[in-house]
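Colleague: Spelled out, the chains give:
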Amino acid sequence: MSSNPYLPRLAEVLEVKEESPEVKTLKLKLKEGRMKFKAGQFLELTVFGVGEAPFTFSSSPFNLESFEVSIAKVGSVTGAAHRLKRGELVGVRGPFGNGFPLEEYKGRDLLIVGGGIGIAPLRSLLYALVAERSEYGELKLLYGARSPSLIIYKDEWEKFMEKDVEVYLTVDVGDETWRCGPYGPCGYTHVGVVTTLFDLVKLNPEKCVAFVCGPPIMIKFTVQRLLQLGFPASRIYLSLERMMKCGLGKCGHCNIEGYYVCKDGPVFPFEMLKDIPHPF
Amino acid sequence: MLTLSKHYTLVAPIVETPGKPPILSQLNHANFNRLELKIRPLTPYKFFFQPPSEELFTYKLAEGVVELGYEVKKPENLLLLGLRSCDLKALEKLDMVMLEEPADPFYKSKRENILLVSLDCSEPSPSCFCTEVGLKPYPEEGYDLNLSRIEGGYLAEAGSGKGEELLKQFEDLFAGESEGQLEQRSERREAVYRKVKEAYTKPLKDLSKVGEEYFMEFTKRCVECSGCVFTCPTCHCFYISDYRQRELGGRLKTIDSCLFEGFQRVAAGVNPRATLNSRLRQRFLKKFVYFKQRYGEYGCVGCGRCVEVCPGEIDIREAAGLI
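First to last, the sequence lines map onto chains A and B.
Counting from 1, one number per residue, gives the positions in the first sequence under the working numbering.
Counting from 281, one number per residue, gives the positions in the second sequence under the working numbering.
Please note that a few of the clues may not be correct.
Unchecked claim - Below, computed lysine-lysine pairings styled on DSS-like, alpha-carbon distance capped at 25 Å:
no., chain 1, residue 1, chain 2, residue 2
1, A, Lys159, A, Lys106
2, B, Lys485, A, Lys274
3, A, Lys263, B, Lys572
4, B, Lys373, A, Lys263
5, B, Lys572, B, Lys416
6, B, Lys340, A, Lys29
7, A, Lys31, B, Lys340
8, A, Lys154, A, Lys73
9, B, Lys572, A, Lys274
10, B, Lys388, A, Lys263
11, A, Lys85, B, Lys340
12, A, Lys220, B, Lys489
13, B, Lys572, B, Lys388
14, A, Lys159, A, Lys140
15, B, Lys388, B, Lys354
16, B, Lys572, B, Lys489
17, B, Lys318, B, Lys475
18, A, Lys29, A, Lys154
19, A, Lys274, A, Lys263
20, A, Lys207, A, Lys220
21, B, Lys489, A, Lys274
22, B, Lys340, A, Lys27
Hints in this document: simulated from the structure, not taken from any laboratory.
Sequences and hints are given; from them, build the entire structure.
Modeller: What follows is the structure, given as structure tokens:
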């Protein structure tokens, strides 16, 4: 039997964690073998009987025992993924794509900017960075969600702060919990889109590298802001979303001009995209 | 051909509607008199390698167990007749995509097992422009057997071991070449080449240098039917979807088109190519810019099928600056 790159490997759901009313994180373990991946790469997840969809890894690439994906409920596959229970079997293909180019940036300051569910691959990136914390300079995270209840990984941000990551959170619209709730004492009371957080942080564009993931409009304004601050286009990395169907550079669904997000991405330096009419 | 059709499932260009271009059908006694070897078929040959729908694997669900299975079928004794130089070149381009590692095993099995009998073009269509994308209107490689029409018959040339076997298997159908026949073939080939070449005087436009608005006049006429995509011998995009009946299910690879509105739509309704103009531009640039960037050749073979089927009279040659 010749090998079939469309065939998923079986994985067991070890744990389902509700992160927010819209997002669940699935902890998965392959039935056979281990999933070796890089932060920023993605997998194709099969919910049997429903379909397959692409998700970035959201867990630490250094954990070889299990891996996680964080899934926002937006359609049929994601809806079915939200109904999965511990012990159920899913299919996975991957890892696919390039991942964040971390080796190139040891010793540098890193700025990570996430919006909405776009924080998922950046969480994997953060775990990779804090695992080798001394290899990097200043680490700063700017993360925004639409409302306080939609901020995910709530119990993890303080742990990142303990690992010397500056964490700045914001919401588009605040509420009582945001003003005096669990985030209040930590100083997470900011309201406004994620780019408004730039006013709070000191950055050194000369030696800093930016990693950005979020909805298209957020990416657009974040990139604008970074360029204004003096970040060169070659040091602004974007993790982009497309409907990667095959993950193999064949089906054509994820192309951006001549690039395939599944092979050339999903992480692109803005340098590669800056002359494209509508890259996000 | 009828002798061959006793030993092979023989698919060839057949005129189904008088006055219309031939389409691909299985050759048999009933339609033999409608076999058309002068005009290239409107149907592309790609569907024999990339079928409109194909199963990638099946699954059976039981309590706590998932059984996966798949079968790569090997086409038996299938012979495609009438491919032109453009059709063979188109298969080479599909190979670049589908056989790039990790190779698609379903496509690969068909490429390895289907016999290709090609033809020199004798009556190029007015929409043909293969010479403008670097092809010649007669096959030079990629065939098992090539047939060149000459006075009183065809000159057969094997292009592979399988082609040699075919010549041997049916040796009483073939005679050795006689004097002057090769020269006659060269003359005819040169004449057809000139006929296509001389229809064009302008060079290909560099579409990577034109703005988005350049495509608007074509977009205005596009009805999003995707006839161009489905008749294009190099368009390879596909969709992947699941079906399920109780505990049994499977996954299909089905034909798709980058012109469809939902082709790139992602979660939460975000659509990176929401406008028809952006989708049509992508298709034209894929043929003349992006495919070349990725694989070193144009993604278009100049067969002109899309020109013939478009109800909006969108002419890829006009978009590419040739006319």
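Colleague: Hints first: check each against the structure and report whether it holds.
Modeller: The hints, checked one at a time:
no.	hint	verdict
1	A/Lys159 with A/Lys106	22 Å, holds
2	B/Lys485 with A/Lys274	23 Å, holds
3	A/Lys263 with B/Lys572	17 Å, holds
4	B/Lys373 with A/Lys263	19 Å, holds
5	B/Lys572 with B/Lys416	19 Å, holds
6	B/Lys340 with A/Lys29	20 Å, holds
7	A/Lys31 with B/Lys340	17 Å, holds
8	A/Lys154 with A/Lys73	18 Å, holds
9	B/Lys572 with A/Lys274	20 Å, holds
10	B/Lys388 with A/Lys263	21 Å, holds
11	A/Lys85 with B/Lys340	19 Å, holds
12	A/Lys220 with B/Lys489	24 Å, holds
13	B/Lys572 with B/Lys388	23 Å, holds
14	A/Lys159 with A/Lys140	14 Å, holds
15	B/Lys388 with B/Lys354	10 Å, holds
16	B/Lys572 with B/Lys489	15 Å, holds
17	B/Lys318 with B/Lys475	15 Å, holds
18	A/Lys29 with A/Lys154	24 Å, holds
19	A/Lys274 with A/Lys263	19 Å, holds
20	A/Lys207 with A/Lys220	22 Å, holds
21	B/Lys489 with A/Lys274	15 Å, holds
22	B/Lys340 with A/Lys27	23 Å, holds
The structure agrees with every numbered hint stated previously.
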